[in-house]
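Q: Residues per chain are reported as follows:
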Amino acid sequence: MADDTTAGLHRRGFLQRAGLLGAAAASPALLAACSGSAVDEGGDSAAGSPSASASGAASASEEEGPSASESASASGSGEALRVGLLIPTSGVYTLLGESMRSGFQLYLDTNPDAFGGRSIETIEVDEGETPDTGVRGAQRLVTEEEVAVVIGIVNSAAALGARDLFDESQIPLIIANAGANDITGAAASPYIFRVSFSNRQPNFALGQYMYDEISPEGVFLIAPDYAAGTEQMAGFREAYEAAGGTIVGQTAPPFAQTQDYQPFLAEIQNAGAQAVHAFFSGGEAVTFVQQYTQFGLGGTIPLLGSGFLTEGAVLQGQGAAANGIRTSLHYVSDLDNPRNAEFVEAYQSAYDALPDVFAVQAYDAAQLLDLGLAETEGDTADMATFVEAMASVEIDSPRGAFRLDANRNPVQTFYLREVVDGANTYVQDLIEVEDAV
Amino acid sequence: MSSGRERALRLGLLALLAVVLAVAPFLMNAFRLRLLTEVLIFGLFAASLDLLVGFTGLVSLGHALAFGVSGYTVGLLATRLTPNATLTLLAGIAVATLVSLVTGALVVRVRGVYFLMLTLAFGQLGFSLAEQWTGFTGGANGLPLPVIELYPGSALLGNAVGFYYYALIAFVLGYVALRRLVDSPFGRSLVGVRENAERMRAVGYSVSSYRLAAYCTAGAFAGYGGALYAQQQRFMSPENVGFETSALVFVMVVIGGRGTLFGPVLGAGVVLLMQQELSFRFEQWQLLLGGVFIAVVYFLPRGFGGVSRLLGPAAARMGRTPDEVAPGASP
Amino acid sequence: MPDVGAFLSDNAVTILNGLARGLVLFMIAIGLSLIFGLADVLNLAHGAVFLLGGYAAVQLAPDGNGFLVALAVAALVGLVLGGGMAAAVRPIAGRGHLDQALLTLGASYVLAELASLVWGDNYYSPLAPAALGGATQVLGVSFPTYRLAVIAVGLLIAVGAYLLFERTQLGALVQATVADRGMVSALGVNTSLVLAGVFGVGTALAAVGGVLAAPVLGVRPGIDSQVLLLALIVVVIGGLGSIRGALIGALLIGQVESLGVFLLPELSAFLLFGAMALVLLVRPEGLFGAPREAAG
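Residue numbers (our numbering), protein chains in the order written: chain A, 2 to 438; chain B, 668 to 998; chain C, 57 to 352.
Treat the hints with care, since some could be wrong.
As the list claims (entries may be wrong) - Coverage of chain C stretches by chain A, computed from C-beta distances (three or more under 8 Å per stretch; other residues unrestricted):
(1) 130-140
(2) 168-181
(3) 187-199
(4) 231-242
(5) 268-274
As the list claims (entries may be wrong) - Cβ pair distances, simulated, as ranges:
(6) GLN115/C x ASP213/A: 42 to 50 Å
(7) ARG855/B x GLN115/C: 51 to 59 Å
(8) LEU681/B x GLU378/A: 33 to 41 Å
(9) THR301/A x GLY330/C: 32 to 40 Å
(10) LEU319/C x ALA844/B: 17 to 25 Å
(11) GLY150/C x GLU673/B: 31 to 39 Å
(12) GLN115/C x PHE966/B: 33 to 41 Å
If you're looking for bench data, these hints aren't it; they were derived computationally from the structure. Quick reminder that beta carbons are idealized off the backbone N, C-alpha and C, glycines included.
Here chain A stands alone, though its shape is the one from the complex (with noise of 0.2 Å):
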C-alpha cells in the first residue's frame, strides 16, 4: 500500500551488465531467448488455455532455473498442475505470507493423493506489499509462468487490480486473504474466489455483541486510513447502529506510516469513550496495542476488534499489552471441532507453532481447488466447469463447515475470542454472516 508523507523513498537497485550497445540490439533478442512467440499464442497479453500450461511449463522452466521456486508435488501419476502462490515475502506482510505458505503445503503434504490425481507444480511469486506490486505478480504468474490457477494474495488492492487480469483470461483466482468487499461484490466474477472473508464480516459481526454486553453507546473507531480500515469500521457501525448504539466517534490514521499514535489515543480520550472498536494489522497492531497500554487506556477503555488485532505473530511483539483484548474472527486455534483437532495437531509437529487465520485461509484454497478438481475427476480444461464445480462445494474446514455465496464469498460463523496470557481462547459464537450478493 503507498505510503504517506514519508515513506515514498523505497528502495530501488539496479544492475550495470557490461557490452551495452551490443545489448542495445541484442536485448530484443534475449529476452525472445524465451521460447514461444506472442503472435502464436494468438497476441493475447493473457495467457493461454490451461492446456497451453503443459508446453508452457517445460520452456518456462528450462530458463528460469532457481528463480520460481517449485515445491515437490502431491505424488498424483496425472499431468501436472501448475498453481501459482503470490504471497508477500518482503515488506508490511511477510509473517503473514509465511503462514499461507504453510497452511497451503500443509494440504498439499498431508493429502498426497488428491486434486483428482493430478500432480501439483507450485510457483511462489513475491506479492511484495503495494498494490503495483502485487499486480505485476499476477501478470507474472498468469503471462509468464502460465499457470492454471493462482491462490493467495494479502492486499485488497493489489487483488482488485489484478481482477480483470483472472476474469479476462478465465484463470482462476482463490483469494486467502485480501478482504475488499468489492472482490466478490461490485467487481465479482466467475474467476474470482475467496475462501479469507470479507472486511464487512468480521466486525459486522461484533456489533450486537457490543451493543449487548459491552456498552449500548460512546463506541469509538480507529482503523488505519485505506480501504480496508474504512471497510472494517463500515461493517461494524452496520450492525451496531442497528442495534441501536451510537458511535461516539471515529478516526482514521495515516496507513503504514504511522509509528506514534498517541494524537490519536488523545481524540479517543477526548471524546469520552465507553470503548473501543479497532481494526489494525501486522507490525501497525503491534505499535497500536502496545501505545494502547502504554497510554493509560488499557485498564479504563475496553478494547475490542476484528481478530486481526491479535492474530498470529503480533501477539509475540504485543506481549502483556494484549491480554483481555476481544476480537471477532472466523478462526481460533482452540476450536472444539474434529477437523480443527486434526489440523492443529499436523500444523505443530510440521511447524512447531500453533496456526493462525492466515494458514487456515491458505489451507482451505488447497482444500477448495482440490475439491474442485475432485469435481471434474482433474479436468481442467474446460475453466467455465471447472470454475462452476468450485463454487459449488461446502469446505470442511478447521474454522468449521463453510460454504461459498453466489459471488464465492465465503458464509460462515464468527467467534468471539479473547487473548489470555499472550494467546487466543475461544468464548463464544458470534453469529454467521453471509454478504448481500
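For this one, chain A is given, so just place chains B and C on it according to the hints.
A: Just chains B and C now, kept in the frame of chain A:
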C-alpha cells in the same frame, strides 16, 4: 575509426535494431513483449528526464509528477468519459504540460541542491494528493483502467502484440521529436545554459525562460510516457507519482549516460530487465545492485553513455558533462 | 480571543509527545545539516544509520536490559561509519551534488539491505529499560516515562551541542570551516580532519537517535526512508549548516507530526512538504542558514 566507417557502423546498428524491434512479437512470448513495451515507455520517460538533467543541467528528483499526473488523467478519462487511445493520450500530455508550467514557474527560481529538493517536495505533494483524493484517484488502492481503443469497438490494443506496435510507433515519434529538439538551436541554447549561464545572460539570453521551457518540454514528454504507461499497465497508483518512480527514472538516466538522449533509453532497458530477472532470483539482490551503483558513481560517472557516441557524433558533443567543459562549474 | 491556556492543557500530552519526537529528529537533523554545511554533501544514507541504531537496540537490548551498551555500540559504529563516508566522499568532492547524492543513496541501499539480511523483514518492538518502563501522570493523563527520559536526553544533547559550538574553540573552528573552508585551510588547519570529525559525530548522533527511538517507534525496514525525509524537511526549513536551525526546525516538525496530525489529519502530509517547498522558494537557505551561493 574514420568518419565513413563510423557512419556505416552506426547505420548498420540502427538498421539491425529497427528490424529486431519490428519483428519482436514473433520472437518472444506475451510476457516478454510486455516487458519490451515497458522498456520503450520508460525509455521515453528517461529521455525526457535527460533533456532536463543531461542537457539543461537541472537535476530533478520529482520528474514522476508529470508522468503520474498524465497517467491518472488517462485513467480518469478512460473510466468516466471515453477509452479512446488518442484522446486520452493527448489529454494526459496536456495536463502534464500544464502541471509542469505551474510548478516550473516556481521551481526554476532556485538552483543546485535546492532545485533538487524542491522538485522532490513537489513530487511528494503530488503523491500525497494522489493518496488523499480518493474520489478521483482511488487513493492508496490505485485506479484500474479499462482497455483503451483506437476507435470504438476495436480490440486491437487489448492484446500484447497490438499494444506493442502502438507503443513502438509512439516511441519512435516521441524519440525523434526529442532528438530534433536537442539538435536544434533551442537544444544548443540549453546546453549553453547548462555550461555557463552567466555568459548566456551576458549575451542576452533569458536563462530562466529557457529553463522553464526545458522543464515544460521535459514534463510534456514525461506525460507522453505516463499516458502510455497507464494505457499499458491499466493500473495507476500513488507510487507512480512519487519519489519511488522519480528515483527509478533518474537511475536509468545515470546508468545509461546523461546528455546522450539514447543512453537513458538503454538505461531503461537495463534497469527494467535486471529488476525483473534479479528480484525473482534472490531476495537481497538490492545489496548487489547498491554496490554496483556505488561503483558506477566512482568509476563510470557518465554511465555507458560514452559508448553511444558511435550512434551519433552530435551525441558526443552534447554528452560532455559540465565538469569536462569547465571543472568546478557543476551545479 | 482563543483560550491558549485551555488549549495547551487539553493538548499537553500531545505537545509533550511532539517535543519528544522533535528532539529525536534533532539528533538526526543536526548531523545532516552540519555535513551539508561543511562538505556540501547531502548525505542520503543518514536514515539508514538511524535504522542501524534501531537494530542495535533490537540486538543488544531487546527487553530493555543493556540499553546503555546499545547506546555505546551505536555511537561507536556511527562514528566509524561517518569517518568512512567522509573518506568515501573525498574522491568525488568536486563532482557536484548529483554524484554525491548517488553515492550516499547507494550506500543507503547497501546498509538497509545488509540490515534486512541480518534481521529479516520483521517488525521489532524492543522494550524500554525496565526502570523507565511505566507511565507518569502528566496533568492528569498517563504519559510513558520513557518518553520523558527521551526528552531529557534530547535536551541534554541540544544544550551540549550549543555549548560545544558556541563556547569552545573546537566549535568555533567548525563554524569557521562551514562559513569559509578555504580561509580556514589557508590558516593551516587540516579541514579534511574537521570534515571527518563532523561526519563522524553527526553520524554517531543519528545512530544514537535510532537507539533512543526504537522503544517508541519500533524497528522495521522502511523507517530509514521515513526518517530521512523528515530530517531533510527539518534541515531545509531550519537552514543547512545551522544548529539552531536544526533544533527549531526539528521542534516544529515534531509538533506538526504530533499536534498537526491530531488537529488536521488529512493536511499533515501537505503541511510538511508545502512548508518545505515554501521555504525553498522564499528563503532557500532556511530560517537560520547563511545565504549560500547556489552555484550556476
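Q: Take the hints in turn and mark each one as holding or not.
A: Hint-by-hint comparison with the structure:
Closer than 8 Å: that is the beta-carbon criterion, and the region 130-140 of chain C has 0 residues meeting it against chain A, so the requirement of 3 is violated. Counting residues of the region 168-181 of chain C whose beta carbon lies closer than 8 Å to any beta carbon of chain A gives 8, which reaches the threshold of three, so the coverage claim holds. For the region 187-199 of chain C, the stated coverage by chain A is satisfied: 4 residues place a CB nearer than 8 Å to a CB of that chain, which reaches the threshold of 3. Check on the region 231-242 of chain C: 0 of its residues sit with their Cβ under 8 Å from a Cβ of chain A, so the three-residue criterion for coverage is violated.
Coverage of the region 268-274 of chain C by chain A holds. Counting CB-CB distances below 8 Å, 3 residues qualify, and the rule asks for three or more. For the hinted restraint 42 to 50 Å between GLN115/C and ASP213/A, the CB-CB distance of approximately 47 Å keeps it satisfied. Here the CB-CB span from ARG855/B to GLN115/C is close to 57 Å, well matched to the stated 51 to 59 Å. Between LEU681/B and GLU378/A the Cβ separation comes to about 57 Å, which falls outside the hinted range of 33 to 41 Å.
Between THR301/A and GLY330/C the beta carbon distance is about 38 Å. The supplied range of 32 to 40 Å therefore holds. Between LEU319/C and ALA844/B the C-beta distance comes to about 49 Å, which lies outside the given range of 17 to 25 Å. A hinted range of 31 to 39 Å for the beta carbons of GLY150/C and GLU673/B is consistent with their spacing of about 32 Å. At about 34 Å, the CB distance of GLN115/C to PHE966/B agrees with the hint of 33 to 41 Å.
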